[in-house]
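Engineer: Given these sequences and hints, build the entire structure.
Order-wise, the sequence lines are chains A and Y.
Its first residue numbered -1, the first sequence is counted upward by one per residue in the numbering used here.
Its first residue numbered 4, the second sequence is counted upward by one per residue in the numbering used here.
Note that these hints are calculated values from the structure, not bench results.
Just to be clear, a hint being listed does not mean it is correct.
Covered stretches of chain Y (chain A as the covering partner; in silico rule of three or more C-beta atoms under 8 Å from a C-beta of chain A) [as the list claims (entries may be wrong)]:
1. 47 to 57
2. 80 to 89
3. 230 to 236
4. 261 to 270
5. 340 to 349
Computed Cβ-Cβ distance ranges for the label pairs, DEER-style [to be verified]:
6. P275(Y) to G170(A): 23 to 31 Å
7. A168(Y) to A191(A): 50 to 58 Å
8. A113(A) to G327(Y): 17 to 25 Å
9. P31(A) to R318(Y): 45 to 53 Å
In silico lysine-lysine, DSS-like type, Cα no more than 25 Å apart, as pairs [what the hints assert, rightly or not]:
10. K227(Y) to K194(A)
11. K227(Y) to K197(A)
12. K227(Y) to K188(A)
For every residue, glycine included, the Cβ atom is placed at its ideal position computed from N, Cα and C.
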Amino acid sequence: MKKLAYCAVLAAQPAFADQPVTLNFAAEIGGQPFACDATYAGMGATGAEVRAVDFRLYVSGVEMIAADGSRAPVTLDESDWQHEGVALLDFEDGTAACANGTAPVNTALSGTVAAGEYTGVAFNVGVPFAMNHGDPTVAPSPLNLTSMFWNWRGGYKFVRIDMVPTDRSADGPKGWFLHLGSTMCASEGKTDAPAKPCKSPNLMEIAFDRFDPATQTFVIDPAAVVAEADLRVNAPETSPGCMSFPGDADCMTVMARLGLDYGDVPAAEQALVTAR
Amino acid sequence: MCLPRSRRWSRRAEMRRAAPVAVALVILSGAALALDDGGYDWPLPEWMPRPPVPEDNPMSAAKVALGRHLFYDSRLSGDGTVACASCHDPARAFTDGRQTAVGIHGTPGNLNAPSLANVAYLPVNAWANPHMTSLEFQALVPLFGEAPDEMGATGQEDRIFATLAADPYYAVAFARAFPDRPAPDLFTVTRALGAFQRSLMSYDSPYDRFKYGGDLGALSEAAKRGEQLFFDHRFECYHCHQGVLFTDNFQREGSPWVETGFHNTGLYAEYPANAPGRIEITGEPGDAGLFRTPSLRNVAVTAPYMHDGSIPNLRAVLAHYARGGREGHANQDGMIVGFDATEAEIDDIITFLESLTDESFLTNPDHADPWPADHPARINRADP
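Structural biologist: The following block contains the structure:
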């Protein structure tokens, strides 16, 4: 009897219930709202003008931060956008310059967290190792987009922000693409899944101790990330733009601003995500 | 959530997947699973997702069989000489080996006949028309298109349908495939052709046996080296030729995503007016020279290449990409940046591409011409 009564008390305690969480995101380029038919001036070290033709990223490991610094995991709802704690944020709508994208957009995460008082939010940009190297052809949504595959079983593009300079030089690159993904993943071949975590997982860990989901929005903006890069040039024999691969001169100033070590360049404060 | 839900296959298919013994037997025989109730299922391996099927055209064995007969029947054309098969030869992965297709009265086409392997997964069934989103709709273009004439059936459909109705095979086959609408007409003919094309699945190349079947001996060392180069960021092949079909055009059962990829590969500084790219449909200057990325499955048997067949062989295609485009274009895709490669590396990439050829698809008796050689459906047919 005593045990039953105890359970009844527990069930009656709202502190043990879950509360819903919605996190809103916005995509901007140089402080201007991202749109598939817009152009953005003054980008990068040489003030290039660009169109953006893709703007998608994966988010995982979402947690609410309490005043004492402790963290409570957010359980993301299952949907076409969210699967087992991994969510796709998709700001392109398949129109205009984004014609190779998809029509649906997703600008918010939704889930539940243990009831409590929270003052901040933490999340990772990227897909955790355990889910990053499966076979994408049979993976559930949103891990089944060919455009977000890295090279086959090497994992996913954590961030895909594709920019195309509109005032490029005659022999300049026709696109400057920011693709973040895990690199140096030891496996037998480029289409084999690695058995051990990659040497450069490149999972961005984001934490805002002060963030109120009810009134604030996370803003994703690559402008500060590429501020020191020349979007009108591409280092020969490397991927157009910065695709995270080691030894790409186009990445030298970029990866640190994603909060990631890159070769000998130590990580700096990440500049991709801000709160507003 | 207001996502466009993908067209779903029937729940019966889910139940069928619970019968692994039956599926295994079918895979061994290479034949599709024709069910007693007239149903149809693809003998797909576990790693190959299932394609979407339009709600108004569920698959059935009877419909696939009817569509196969129609596909090879030249009586669908204005003068009885052109069938679908006149430009889509199974031995060439349903291409025709010509630079551009040839229509009725020898009319030259503007575009290279595309492969029909795995078209069930393609959200867009045309080189450059983003609105061509179903095989049923697409069938109207070769049948009735006049710019250029392909099968030249415009205005002759009543005569053609009457001819079909008088054929003893069709008298039974249409009723079996469409019990509620048992006559040849635009609806039934295009649905049957769509169902047959959705049955054209290719998933048994040496690369598939190596990558998915665990047969490490299925690929030569050269093909394995070529695979690593193909997926290397120096060559960037995989950015557009990605996923299970080696194209960024893909749609599968139960997924909300409709992925299409159209790119300008820098073939021309100005694309000719008879094949200008997606701009022909959209009128958008940014769509000039953009064409759908073709799948690379069976690519070694589908020469010549590109949307207009203007490159004769795979080595020349790789040379085109090595140069970073032939003439270059303002809309040229940013992934085409050019590369330096040794002849040995090019040899290896070509060997890898050759490993994507699925011999069992090219010779699959389920896809072959069903008509006797002297049958009126076939006797006047122009073959590629």
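Engineer: Taking the hints in turn, state whether each one holds.
Structural biologist: Results of checking the hints against the structure:
Check result for the stretch 47 to 57 of chain Y against chain A: holds, 4 residues qualifying (beta carbon to beta carbon below 8 Å, three or more required). Residue count for the stretch 80 to 89 of chain Y with a Cβ under 8 Å from a Cβ of chain A: 0. That is fewer than the three needed, and the coverage hint is violated. Coverage of the stretch 230 to 236 of chain Y by chain A holds in this model, with 5 residues showing a Cβ closer than 8 Å to a Cβ of that chain against a need of three. Coverage of a stretch by a chain is defined here by at least three residues with a beta carbon nearer than 8 Å to that chain's beta carbons; for the stretch 261 to 270 of chain Y and chain A the count is 6, and the condition holds.
Check on the stretch 340 to 349 of chain Y: 3 of its residues sit with their Cβ under 8 Å from a Cβ of chain A, so the three-residue criterion for coverage holds. At about 27 Å, the beta-carbon gap between P275(Y) and G170(A) stays in the expected band of 23 to 31 Å. The supplied range of 50 to 58 Å is met by A168(Y) and A191(A), whose beta-carbon atoms lie about 55 Å from each other. With their beta carbons about 58 Å apart, A113(A) and G327(Y) fall outside the hinted range of 17 to 25 Å.
Evaluation of the 45 to 53 Å hint for P31(A) and R318(Y) yields a pass: the beta carbon distance comes to about 47 Å. This hinted pair checks out: K227(Y) and K194(A) have alpha carbons roughly 22 Å apart, not beyond 25 Å. Straight-line distance between C-alpha atoms of K227(Y) and K197(A) comes to about 24 Å, which keeps the hinted pair within the 25 Å bound. Our distance criterion of 25 Å between C-alpha atoms is met by K227(Y) and K188(A), whose separation comes to about 10 Å.
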